[in-house]
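Asker: The chain contents come next:
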Amino acid sequence: MSIRIVHTADNHIGVSFAQYPDAVGERLREERFLALERIVILANERKAHFLVVAGDLFDKQTVTKKSVERAADLLRRFSGEQVLVLAGNHDYYEGPDNKVWKWFREAVQGSGVLVLLEPGIKRFGIEDTEVCFYACPCPSKHGEKHVIGWVTETEKKDGTIHIGIAHGNVEGLGLDADQRYFNMTEQDLRAAGIHTWLLGHIHVPSPPPGTTGRPLFFMPGIHTPDSIKCTHPGHAWWMELDRSGGCQFEQLKTGGVRFVRLKRNLADSDGLVGLKSECAALDGPNTVLDIQVSGCLKVDEIADLRQWLDGLKARFLYVTSDPDISPVLDASAVAMKYPEGTLPHALISSLLADQNHSADANLAMDIIESLKRS
Amino acid sequence: MKILRIHLHLFGGATDRFFDLSAGLNIIEGPNEFGKSTLNQALWHTLFTPTNLTPVALRKTMGRWFPRPSGDHASVSLDFEAQGQVWSLKKRWGIAASSSLGSSLSPAMADPGRVQDRLLQLLHRNEATWRHVLFVSQAQLTRTVEDLSENASQVEDLRPLLAGAAAIPGDIASERIVAAIDSRIEDHFSRWDQPINGPERGRGIDNQWANKVGSQLAAYYALKTTERDLDLVVSHEKKVDQINENIRQQERFVESDRQFVETGRPLRAGLARRDGLEGKIKWLKSEQDTLRRVFMEWPGAVHKSESLNSQVQRGQEIISLLENELGNARRREKAADHGAGYVRVKNARQNLDQIKAFIATLKPIPSTILNELKSLSQREENLRVQIAAQKLSARLESKARVMVELTRGAGAKETVEVFPEVPWTGQIEGKLSVEFGDLKIEVASGTGELESLFGELEQIEVQHKGHLATLGVDDLKAAEAAHTLHKKAEADVTLAKQRFVDALQGRTEEEWHSEVVANEAIPQTRSVMTLEAELKNALTTKAVLEAEKTAVEIKIRNWTDQYGDVDKLTSLVLKAAQDVVEAEMELKGLPQVPDGFSDAGTYLSRLNSAETHLESVGVKLVDLRIQQASLAGSTPLRSAEELREELETKVKAFKRVNEIGLALLRIKVKLEDVLALRGDDNPMQKVEAAVAARFHDLTCGAYDRIRMDGGAPVEVTGKVTLPTAMLSQGTLGSLALATRLCLAEWYLEGTGGFIVLDDPFTDMDPARRQAAGRSLKDFSKSNQVIYFTCHPAHATELKEFS
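Going down the list, the sequences are from chains Y and H.
For what it's worth, numbering that gives the first Met the number 0 labels the leading residue of the first sequence as 0, then goes sequentially.
For what it's worth, numbering that gives the first Met the number 0 labels the leading residue of the second sequence as 0, then goes sequentially.
These are computed hints drawn from the structure, not numbers from a lab.
Predicted model, so just to flag it, every value in this text is computed and none were measured.
Careful: at least some of the hints might be erroneous.
Unchecked claim - Keeping only pairs whose Cα atoms sit at most 27 Å apart, straight-line, the calculated DSSO-like set for lysine-lysine is:
| no. | chain 1 | residue 1 | chain 2 | residue 2 |
| --- | --- | --- | --- | --- |
| 1 | Y | K144 | H | K619 |
| 2 | Y | K98 | H | K649 |
| 3 | H | K651 | Y | K275 |
| 4 | H | K223 | H | K619 |
| 5 | Y | K228 | H | K223 |
| 6 | Y | K101 | H | K223 |
| 7 | H | K651 | Y | K312 |
| 8 | H | K649 | Y | K262 |
One chain only, chain H, in its complex shape (with noise of 0.2 Å):
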């Protein structure tokens, strides 16, 4: 972009009045209030200011640029050529505002947002790069120059200022912003733990840091802190609660109590009395009832001991004639035991005889014949045995029928009818015969020993039938049996025998005899059994009477021992019944007894134990309103609602003081990241060795390079290296001279642009004035150069150079 002409229609003081620009260097020179400000700010506010401002955003921008005293706009138009074209711009500021852009291929735009769009993009750069680089005004020099005049004898303090001077506009060293992020994240996050979210070593409000309190300790120190404030109100509250909870329960608890000996204790002393009295009367009239039962009783008791003892009498003489009879009775049971004993003598007696008559008719058998014959028999039987065991089988036929005789052993011979067709057939023991007619076949088994075992066994038949001739029986069954039988007579006898002794009991039958008769004299009584039982209750009776009348007795005796006779009883019976009416008599005049007790001695126990347990309560209540008048000596002076309320404006705090530590942490980060995409390709860098180049020549070679931190030259070489604020007051303009119109040719490098410079060179001796001439004659051969100065030899040595 290039000026070609600005038109001050109406604008601070300037009236109509314009300014012709070439391409090159434009030198304005004027004395001061020439308006050489007014035309620098003119520039500015048609390029950059927007028509559209608010009411307070026009007072504040454009307001020293309404005609004084009651000028109400600003208005300038600007001819330039940009992108190949000419461009007519026009502003009106306040009443009427307006704006207005065109050019000869454009057509004109009014609309002031749309205007200042394309306005941004014909100047290529942004309003920052134009305010910081573009536009150097005379107030920022001259600010700096008075800057530098005041602090001139403070070099080591300069260097901010000079730095100020000399730095690249708008752009702050990297280390510088590292460092106020780190030093705001380090004053934020002081003595804050964050891994743990708290404070560092956990020291809460009750053991606070003292120093190096970052905003997120304090913050949350104030929130803890209320929190406390707020438990510990609360906490009091409650306290306050619970003590009035507890006076109040045991006021509850003694109010029947109270009210109880309220009543009670104007009653005390008469109740008292009627307790006694009534005790006595109690005890009078048990007095008068025991001795009006004696009374009573007395003349009855020897009435009754004379009867008991005559029935005691009578009944010793009813258990006499009992006892009598009793042993009759039992000398009658005695009788017929032995009458009894007597059948059962004669009986044993009548069944000896009867034995021993049936003995006598019984055959005796000898045991030894009896021995024999059993030998026998046994004999005989083995004898056959043996013989059986040489058997036979015999076979007969005929062919006609016959009879035929055979013997078998030593059996009797027999006739045996053989038909023919059918044989006869049999088992023979040892030997067999047959005879039929003539014809006799004997046949026998083995040899000759058979026939001596028949010969033996028929002695010994024949010795058998012998015996059991002699015996008078058929065989040794029955001779066995005879034999029994009589044994069994004689053990009967010996048994009978035994029993008839038994029954004699070592008397003679005779005896036995004679006392039967005698016990038919015994007279006749009734059973012992029955006389027994009476006996036994008119011994029962009789007791009970002696115990009756011993009793009886017992009381006669005491009663006379207690009140020596009867007389004397009636005249303490008289004298109790006194007593009672008197007793009775002051207790009428005494209180009644309450309604719900049933004596005085109740009632005054109750209001004992009511005293009593007002005292205990009263101890305790002393205790509880000392206790409720402590607290209420230190009542909080902050309500809990008033606290809560502040709880939640210190909550918010907190909140807020958190969000923006977590924004500082990631503001860190995202600076990290930056710093390493920039790397190598930092432009800024560039900048450095142009600046080095110019300033060796504004300097007329005194130095040749130059070392910036960040955006900002702090060191200059050339035959010395020296830190910025040692330079003189000209080298450090002769610095920031460089330094703009470097970074100017970096922004305006190929847009063919403009720089407005306010007297820079004022503080320059004549030779750097020159050079720096020279310089900016250089530099205006690519770009427009409108220069302000109110010096006219310096305007006199640009126009030279230009």
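So here's chain Y without its partners, still in its complex pose (with noise of 0.2 Å):
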């Protein structure tokens, strides 16, 4: 008999998208609770026992009881034998006061949904097969040193399925160069002594595509993109793992939208046609694109990729672009656009001549295409 866990974490429900117009925050606020829907679905399809959130449900302590009580709401529909919400470093517990944990607990009262919220074991039986969580929740937002160390120290029984649940960094795979968010060192997490464990934290996926076997741990990553920096679509764990240590699994994609940043320097129009076919293959009313252009071009091309640009907004769920292009700029542009013996004609040429900061010229001529205008 194996048992077979659906793995999510860092969903950050209430992260605020404050950099974003209303219409886009709230679309990318609701993503967080659809994506997460997604994960109940998926976990119901493919009946797993449990559902695992490892941590940073929850962005902050200041997310409001409604977000709480939705998300409650979602992870209540799984109809697996038991979710297991771990208190992560954004949603850390303190203590009974903590409101997030409090509104939660009552949200869920009643259901599969178990909160871990203090360091300790869970068992579960599933038929003839016991398995026992290892919840190491956080209490803090930071802290110097992990909170695994216990379940090393715990006497653990043959013939169970034992599996850890924690949340933080883990040294080579995250970048906590201070040491600040729970680091676990994999020496820390073999040492445990226990069959795998489903982390929280890094929002990148680990094990990496292609790995086989039993791995020593799962991160999953965010399950939906919440910035350009995410550059996966959004992903949770799916295994299944038996007491003799086997163990499968897979990656469910989640994600709603994605986080796209294009940046790209252009110096002719067919870096323009390749910028616009790499657009065109996106899911534009699901992406958040950020175009950073930057280069020379002709001044039809400027005003092409302007154009272009403008369009882009009706196509996509959100388009930042700051473009850095300057109209292609040389001794015959110049001469094309100014006649010669005049003061900017000889301002520019001097400028172009300046090998090392030419692109002065590009400024010094929309002083003076302003002066023009004026």
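Once you've looked at the hints, go ahead and assemble the two chains, each given alone in its own frame, into the complex.
Answerer: What follows is the structure in structure tokens.
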């Protein structure tokens, strides 16, 4: 008999997305719930025994009660044995006065959702298989030392599947130079002597594609992208574990939005055509697009670029662009624009001659053109 | 370049339409919609618009010239003369776009880029020059007229438009560029202290400038504000972490106490009773032990007291015996001493007797005689020294062996044998007498004094010998020895007498003897030392026994005082045993002392301590939770992660703004360099005189000077000096035409080019128009003029001139 688990983490419900316009922010906030709902649906479809949320279900301690209750309601819909929700470093549990977890516990009362707020072991029997979960919640946002040490010291029974649930950085996997996020080493994790760890905190999934066997730990990554830094579509892990140590796992795609940054240096119309093709292939309504183009184009190409960028706004969920494009400016271009002997011609030609700062010519031209328009 | 023929195969509304042009003035007249603008644009695009446009550029640039409604291309060909050759240029835009340029001497080229490059060579001037100077479109002129009309009532505000109408196209006054760049720099660096690269007067985000904040400072403030916000959030998060950690620490700290108190509180009453009872039992047992001990000891103590008493008495008897024996022993010791004293008396007396007997054997040496002897010896010695001081050396030689008698000094006569060859020599004191046979030779030293010395010496020797004989000794030394021996014997007698007296110690020898006889009656004893040791032991034993006896007696007295008698004590012992049994029975019914504690008291003490600790920590926890709640209430809306992301953007923005600022400063420096280089060689300054001359003609002499600011005429001078803003519309038109014709002459000089004019005389009165016609005719002598007009009268007038 094997047990089936869907593992998610870092859902960050309640993140404000304040930098976006209201409608976009609302769509992104909504997506946190929609993606969680997708996970519950997938877990139910696959008849998972457990749905594990390995920390940071909520983004902050100031998340609204409404959001907490909505997340709880979604998790209550899991039809398997148990939902296990661990306190992460964003939604840490410091004591009984914690509002978020108080609301959450009230909301899931009587359901199959179990909140893991204190270190301890939770035992379950799935038919003839006993499974022990070792909960290692975060008591604060930051922690210089990991909180999994007690698992190592706990005696484990043979014939039981032992699974740890923790939240924090894994050395070598995430960036935690100051070691402020409950940093764990592979040695720490291995020393626990359990079958595997279900972790949260790092927004990039692990193990990487192509991994076989029974990984030391799983890190699902964020369940749906939340910023331009997230380059994957949002994941959860599906896994089957048996007592003999056998492990099958599969990455589930759970995200519904993408954040895409296209950073390109354009030198000619071909580059622009390529950029357009890349954008055309994206799922515009569900993509927050950040286009960072630089380089030099002809004036008509620049106009084309700007027009195209304007047009993108209607196609994409949200578009930011800060084109750092200058008109192709060389001696012949200057000659075409300014009569010889004129001051603009002399100034811009002189600026162009300074190879270290030839871009100054474009700025000068902007000033001159603005003068001409005034 | 001179245009010979332009053929609009398909361009806008024109199909297969062509125009042949000649050198000089070409007037193309027709009403509106005749196609003047189409022709104008066809000429422009044929010369300047390449055929390899991007779709967007094609649509934007050439789209309007595709035939409506569904035309997909435009096509124009142009014949012109340049560099002494006749060239044929053909362009097609849109579907099947193509370019072709060739001449009678040059093979046709089809590459759009190469065609365009070659055309620019043939045109001599760049595109901008053609656009702004040589192509004066009707739209441009019309717009100028409309602008003037709309703003006719606001003369002062017309200056920019007027300047635009009359400016040297494409040029801008240096002052304007300088001002614009200065303005940009000012806007950029306003309130920014460049040398310190920070806000003016160090006014950071806590004391921000409110007005005139430049781009640099705005970006800086934005960056620093985000940094501060991030710091605040991070600080807040740290505080929250710290408070939570403190709370956890306190809770961990009291966790064991909490559990202890929870377990211990229900046991408190029972354990308190147990604590009291345990103490009581302990005391009872102690009391019981005491009573039992007394009970056990009392009879023995009585017996012991009696025994000790008898032992003390016996000890006293032994001591008495020892003391008696010791007295005898000491007397015997004293008797022994007396005996020894008596022996000393006897010995002293015998010694005295012996010395007396000895001295009786010695002959006394009177000191007077001895002293005289000494004096004689001394005098004799002196005489001998004086005689010795008068020594003689004597030498006796003989040829035969002889025996001679000789007397040396006062010495006795002596016989000396003298051998041949062996002389006799000697030292003689004072005098020498030699006798040989009958011969007597006397030799004396010095004067007669020597004789007296010898005489005196002889007397002394006689006296000396007499004294020695009296004393019965051989010499002075013997006399002295005898004297000394006698003296010593006398001293020994004195000493022996004294010793004898001392030995007697004031008694007589008989008394000594009597006592010795009496002492022989003292009985025999052990030695004093042995007896003293035994006595000491006996005394010690007795003292110990007495002390022990006293202690026992005190104990018994105390017991008696405390308990009365043994019977009463027996009752007390029984009662104490009963009390212990009862207390232990009660104790069995009370809670047990938890493991790890020796007794209930220790446990209760630990319980009280834990409760106190819990209470004090509870107060601390309340305080910490208040702080925690306060922090929770001030939780920033944005998280550190969000702010870090924003900060990245702000840093990037500030960097970019900074780069722009530096670029502006470099542009300013470069502009100053360019202006310094231009100096008097500015070719535009030469235009000013030419424009003035042509303007003079066009205004029929009304104005003869103009002042230009950069490329724009700003002031005209005739009878009066007027700013261009004050000029009439017709005069302004004349000024604009004069400017353009002058510039065209300037640019086309030596190249034989053309100029395109679109109804430039519209606003001129007939006189000015005629003047303009003359000027244009004059211009067309050296340059081709393509003149579009919708005014038949203007065309007629011009034709008359041409």
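Asker: Against each hint, give a clear statement of whether it holds in the structure.
Answerer: Here's how the hints hold up against the structure:
1. In summary, the hint linking K144 of chain Y to K619 of chain H is supported, as the alpha carbons are separated by about 25 Å, within the 27 Å threshold.
2. In summary, the hint linking K98 of chain Y to K649 of chain H is not supported, as the alpha carbons are separated by about 34 Å, beyond the 27 Å threshold.
3. The suggested pairing of K651 of chain H with K275 of chain Y holds, with an alpha-carbon distance near 25 Å, which does not exceed 27 Å.
4. Using a Cα cut-off of 27 Å, the hinted pair K223 of chain H and K619 of chain H is violated, with the two alpha carbons roughly 37 Å apart.
5. Proposed proximity of K228 of chain Y and K223 of chain H is supported: the alpha carbons are some 23 Å apart, at most 27 Å.
6. This hinted pair does not check out: K101 of chain Y and K223 of chain H have alpha carbons roughly 37 Å apart, beyond 27 Å.
7. At most 27 Å may separate the alpha-carbon atoms for a hinted pair to count; K651 of chain H and K312 of chain Y meet this at roughly 23 Å.
8. A distance of roughly 18 Å separates the Cα atoms of K649 of chain H and K262 of chain Y; the hinted pair therefore holds under the 27 Å criterion.
Going through the hint list in order, the structure does not satisfy hints 2, 4, 6.
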